[in-house]
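There are 2 protein chains.
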Amino acid sequence: MTNHLITFDVASAPVKVPTGTLLAEAARLAGVEIGQPCGGQGRCGRCAVQITSGGVRRRSTVRLSPEDVANGWALACQTVAEADATVMVPPQEKIERRLTTDRTVADVTVPEGYSPSYVQTLQRIRLELNPPSMDDQTDDWSRLQLALRQQARLNRVDATLSLLQKAGTILREGNWQVTAILDVQEEADHGRLLHLLPGRIEDDAPLWGIAVDIGTTTVTVWLVDVTTGEVKAQASEYNGQIARGEDVVSRIIYASKGDGLAELRSLVLGTINELTQTACNRAKAQPVEVVKAAIAGNSTMMHLLLGIPAVSIRLSPFVTAVNQPPLLTASEVGLCIHPDATVDCLPGVASYVGADISAGVLSSGVYQTEKLTLFMDVGTNGEIVLGSREWLVTCACSAGPAFEGAGVAHGMRATRGAIEEVWINGDTYEPTYRIIGGGRPRGLCGSGLISLLAEMLLTGLVDKAGNVNASLRTARVREGEHGWEYVVAWAGETDHEHDIAITRVDIDNLLRAKAAIYAGFSVLANSVGIPLDWVEQVLIGGSFGKYLNVEKAVQIGLLPDMPWEKFQFLGNTSVRGAYYALLDREARARLKDIAARMTYIELSADNSFYEAFTSALFLPHTEMSKFPTVEAALQR
Amino acid sequence: MTNHLITFDVASAPVKVPTGTLLAEAARLAGVEIGQPCGGQGRCGRCAVQITSGGVRRRSTVRLSPEDVANGWALACQTVAEADATVMVPPQEKIERRLTTDRTVADVTVPEGYSPSYVQTLQRIRLELNPPSMDDQTDDWSRLQLALRQQARLNRVDATLSLLQKAGTILREGNWQVTAILDVQEEADHGRLLHLLPGRIEDDAPLWGIAVDIGTTTVTVWLVDVTTGEVKAQASEYNGQIARGEDVVSRIIYASKGDGLAELRSLVLGTINELTQTACNRAKAQPVEVVKAAIAGNSTMMHLLLGIPAVSIRLSPFVTAVNQPPLLTASEVGLCIHPDATVDCLPGVASYVGADISAGVLSSGVYQTEKLTLFMDVGTNGEIVLGSREWLVTCACSAGPAFEGAGVAHGMRATRGAIEEVWINGDTYEPTYRIIGGGRPRGLCGSGLISLLAEMLLTGLVDKAGNVNASLRTARVREGEHGWEYVVAWAGETDHEHDIAITRVDIDNLLRAKAAIYAGFSVLANSVGIPLDWVEQVLIGGSFGKYLNVEKAVQIGLLPDMPWEKFQFLGNTSVRGAYYALLDREARARLKDIAARMTYIELSADNSFYEAFTSALFLPHTEMSKFPTVEAALQR
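Line order of the protein sequences matches chains A and B. Numbering-wise, the first sequence is residues 0 to 635 according to numbering that gives the first Met the number 0. Numbering-wise, the second sequence is residues 0 to 635 according to numbering that gives the first Met the number 0.
It is possible that part of the hints are untrue.
Label pairs and their calculated CB-CB ranges [unchecked claim]:
1. LEU145(B) <-> GLY437(A): 42 to 50 Å
2. GLU429(B) <-> SER141(A): 30 to 38 Å
3. ASN154(B) <-> GLY437(A): 53 to 61 Å
4. SER249(A) <-> ASP135(B): 47 to 55 Å
5. GLU389(B) <-> SER132(A): 23 to 31 Å
List time: in silico BS3-like cross-link candidates among lysine-lysine, alpha-carbon distance up to 27 Å [stated by the list, open to error]:
6. LYS283(A) <-> LYS463(A)
7. LYS463(B) <-> LYS625(B)
8. LYS625(B) <-> LYS565(B)
9. LYS625(B) <-> LYS165(A)
10. LYS165(A) <-> LYS256(B)
11. LYS165(B) <-> LYS256(A)
12. LYS165(A) <-> LYS283(A)
13. LYS591(A) <-> LYS256(B)
14. LYS625(A) <-> LYS370(A)
15. LYS463(A) <-> LYS565(A)
If you want the footprint, here are the derived chain B segments under chain A, 3+ residues with CB under 8 Å [said to hold, decoys possible]:
16. 160 to 166
17. 301 to 308
18. 311 to 323
19. 499 to 510
20. 568 to 578
Calculated directly from the structure, the hints in this document are not laboratory data. Beta carbons are placed, not taken as given, at the ideal position from N, Cα and C, and that holds for glycine.
Excised from the complex, chain A in its bound form (with noise of 0.2 Å):
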């Protein structure tokens, strides 16, 4: 047998080794550490190196896309040695990122300005007023007005009475120099006066906005200066109604009952309050400079903030009683901001497709792009919008909270300490994990939900039907509270000592979850009589967006098996359209067009969701013949 040297960059010295070695082997006889998660089976890439010489055999690229084979990439658990090779190594840490990164865009991973083109929603206007004398007893509110209408060049502009009732106090302060704050929504000569300061205002002082997004499981607030497009902190937490229902049906029903409706509102509240003033705190903000929130939100979620009784959304025929929520003024709603701020809350379209899903269209692009587009929001519920455009059809689907981590034994948001990405060794079912921010795990988010489930089917451990194998030989599948269940985690090595496993009713609560949403891909594709796979790009926004493993997604049958780089994960795309209409008129004049554009689909009224349900309630689906690279990853 010929021996073959092998170079590794980061090793001190050549190894030989036998033809046919895995290059896996020929580091560790290096010296050299390459991660093996999937326990050295191919699937979870984390050990690519680079052949930048020499000959080698690849066995699996399945983790590696052409373009990465024709520029050398090679898996060291799937390659082996065949002549002399120099090999490079790259940091563990860069090949995480290629390999998650790169299609995904991070919650925190917020615009640092915004095009410098927009027209402000928010003006600061500096007036220098001629003092009021015996000759001129005008009085001080039509002064304001007249010295507004000309410098803004506005026809009306109006104000609160608390701030008429202190207008005079800070003319004075100010020795008739003020700085005052406008708001010029839609109607371009209507401006309306929220704040006013004695003296005058240093042009780059913030001018803040708060851009919200109230997901069914998780509120996001962003704090903006408006003055320059930038996100100065961001802020997100669990919706603190999420102990009175995890879904918007048991929302509904909550409110319906005595006080329900005010201890949802209050609780909601009580949860942007906080965000409020954390992200406040962040950027040495007080909550009470916040001129402007813009909300955005589903229907229900707006309902229940605005304590709108949301009770005919859940019954036959599903109407909400207002899609398009008027203007109103902090105090109204209850934020804790300056209490004349404008709170806009963003339009949405039907019962099921909100204000969340308007400001995800007009932030992704999807309104304005000319490829045939699959627009997804994968919250509590998932929403989708197929179009371009030309046209925007749209549907929600009942999705559940799971892939938010909540309504699953071990689940939690993707933050610190949550397994994000799961690999299974096929031979020991040993798992490896990944966890957000590093340290010991505390439980599961959506991402590592769904990796976890993908590996239990690619090694057996679960059936087609979710069904736990019990008859392996691990220590790790037992039977618990809640049926056959398969341990993650022991308690020895997680942060809190106890368990962390996935359950039968974790397994049937994620299927239905993305059984779900694929039945919503395939309705509305049918139903404006188009193959799914004419979609050209699949935009996904959502708060597990940022780790979220297509290959697994598609592998549990939640993303229909299309070519990896049609995928692209957009992170919040409501928060950001939000944070777009917070700033820029002109985008909140466009997301009230979209609001407008979109057609509604009732997945209810429509005989086929069932049966599209239905089919995709097993892994990936019980057409097999939709997911070829799963039953070619399945027969490996």
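Dock chain B against chain A, hints included.
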């Protein structure tokens, strides 16, 4: 001496009396009761009888017009028999009405209905909506807006959050048949949905609004059925702020300290809310059914109502914070009516010419007359407008609350128990008085005070400087705690069993009040270079108008000495203006125009004012030539 047969229509038989016998004496002999409150001095006019045939000689006709005399009227105490005569004695009640009501409009004499051609600000619209279905999932609010826009021909319909919170429930409760109440204000294509009721409401069901006048001393509320324009009830009461200062300046000072502003705001709200409740009780309505309030009042009252600091009103250059408050809701203002009711605080002109005067100019018709008109509103302040349809100048003089019965030892409002007219016998100095509502007296209202002061002047009880003549032989003149005083009613004859007297301090207050007003007339006429006697009519608004006797008011120098027929008493022109604005969209627009058109003359900046004021601090005036009829009366 010849005897004459005098036949009284109400007597059982004629009486025979010698030539020169007073008809009053003949009546006594015939057993006919003719009241002579002034003690037979020919001053009160209460003994007027009508000579239907025969010969009499009138010694004095001072209380009778030439037409009266031509029609046979004579004063029984001033007319002697010279031949046989037939005399008709009208019922006492009829005489009283003739003397007062002909030229007054009582506060309680409210319009029975407004012009049928007006364009209502409030609209009640029956809607039959198509219920939502799976084919029409339009949200409730869009469905409602669309129907309203179509039926009310509006471009835009707004609503408060609280209405949106209720709308869905009401729509379903009414099974998609609802009655909407809309307020359509200045912009005729822009409506606000105030109220939504399930089902249909009868067309003749009342639709309630209130017209409110907030005087410094007195608050008046009219409860109006806006479908007919009928005033269904009215109530008025002292402004609850009165204990915190009797005039606007002392209120402003009180409001500028500590929580004074909040306290005064809450006090006046308390008064309005109580009056509204009272009026509603009378009309069997509920305050929560009241969907609109139109509020007039002086500028200080308006500021205090809205919690807006009024301090700049008091300090040079005397500007208000706001002359034209925006439309507000009842819940913002703090009125206990329908929380979403529109509150329309009418526009004012300047610090001391408020919405009460704009409203008065509207309701009195000054703004559309061709006659040169002097309009005055005498409340705690005296505001004066001079002009016609062509031009309007206005000024304000600080009269103090004396004419509203406040700031005077035994003063009271013109309600039941108030002495409203006084006559004093020139020989005995014994008074006779008339009491509002009859019964025992409780105090003196403004007209009673004016009447009393005039009588005291004519009988020599006071001199021109207002000093009480201490040398007269009557127990009614005595030295009291506040100097010399005159007792109008002894404890035994009063309701509360305390003497009712007028003190030197009271007289000074009355002198300053009337001097301020008369000086205002002078300065205003001077400012446009017009002599006072070019004025063709004097329209008098204000709460004491009902009972005021022009002759007495001229005698003390409050009103200029002009023929009586030039004077017209209009009662509370402010609440009447508010009433027009409540009902009629065009009246509301005119009101804005009036406020914009009035030229304000600041008396405190006018050097001639103090001179005019000082000259008017006498009874009736230093220049007696300005008051020829008073000079003549004093000589009698």
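So, going through the hints one by one against the coordinates:
1. LEU145(B) <-> GLY437(A): 42 to 50 Å: The hinted range 42 to 50 Å is violated for LEU145(B) and GLY437(A), with Cβ atoms some 56 Å apart.
2. GLU429(B) <-> SER141(A): 30 to 38 Å: violated, 57 Å
3. ASN154(B) <-> GLY437(A): 53 to 61 Å: The hint (53 to 61 Å, Cβ to Cβ) holds, given that ASN154(B) and GLY437(A) are roughly 60 Å apart.
4. SER249(A) <-> ASP135(B): 47 to 55 Å: violated, 27 Å
5. GLU389(B) <-> SER132(A): 23 to 31 Å: holds, 28 Å
6. LYS283(A) <-> LYS463(A): Between LYS283(A) and LYS463(A) the Cα gap is close to 52 Å, so the pair fails against 27 Å, i.e. violated.
7. LYS463(B) <-> LYS625(B): Holds. LYS463(B) to LYS625(B) sits at ~14 Å (cutoff 27 Å).
8. LYS625(B) <-> LYS565(B): Cα-Cα ~16 Å, so holds.
9. LYS625(B) <-> LYS165(A): It is violated: about 48 Å lies between the C-alpha atoms, which goes past 27 Å.
10. LYS165(A) <-> LYS256(B): holds, 16 Å
11. LYS165(B) <-> LYS256(A): holds, 16 Å
12. LYS165(A) <-> LYS283(A): holds, 25 Å
13. LYS591(A) <-> LYS256(B): Violated, because 48 Å separates the two Cα atoms, which is more than 27 Å.
14. LYS625(A) <-> LYS370(A): With a Cα-Cα distance of about 22 Å, the restraint between LYS625(A) and LYS370(A) holds, given a limit of 27 Å.
15. LYS463(A) <-> LYS565(A): Given pair LYS463(A), LYS565(A) holds - Cα atoms ~26 Å apart, limit 27 Å.
16. 160 to 166: Holds: 4 residues of the region 160 to 166 of chain B have a Cβ under 8 Å from chain A.
17. 301 to 308: With 4 residues closer than 8 Å to chain A, the region 301 to 308 of chain B meets the three-residue bar; holds.
18. 311 to 323: holds (count 10)
19. 499 to 510: violated (count 0)
20. 568 to 578: violated (count 0)
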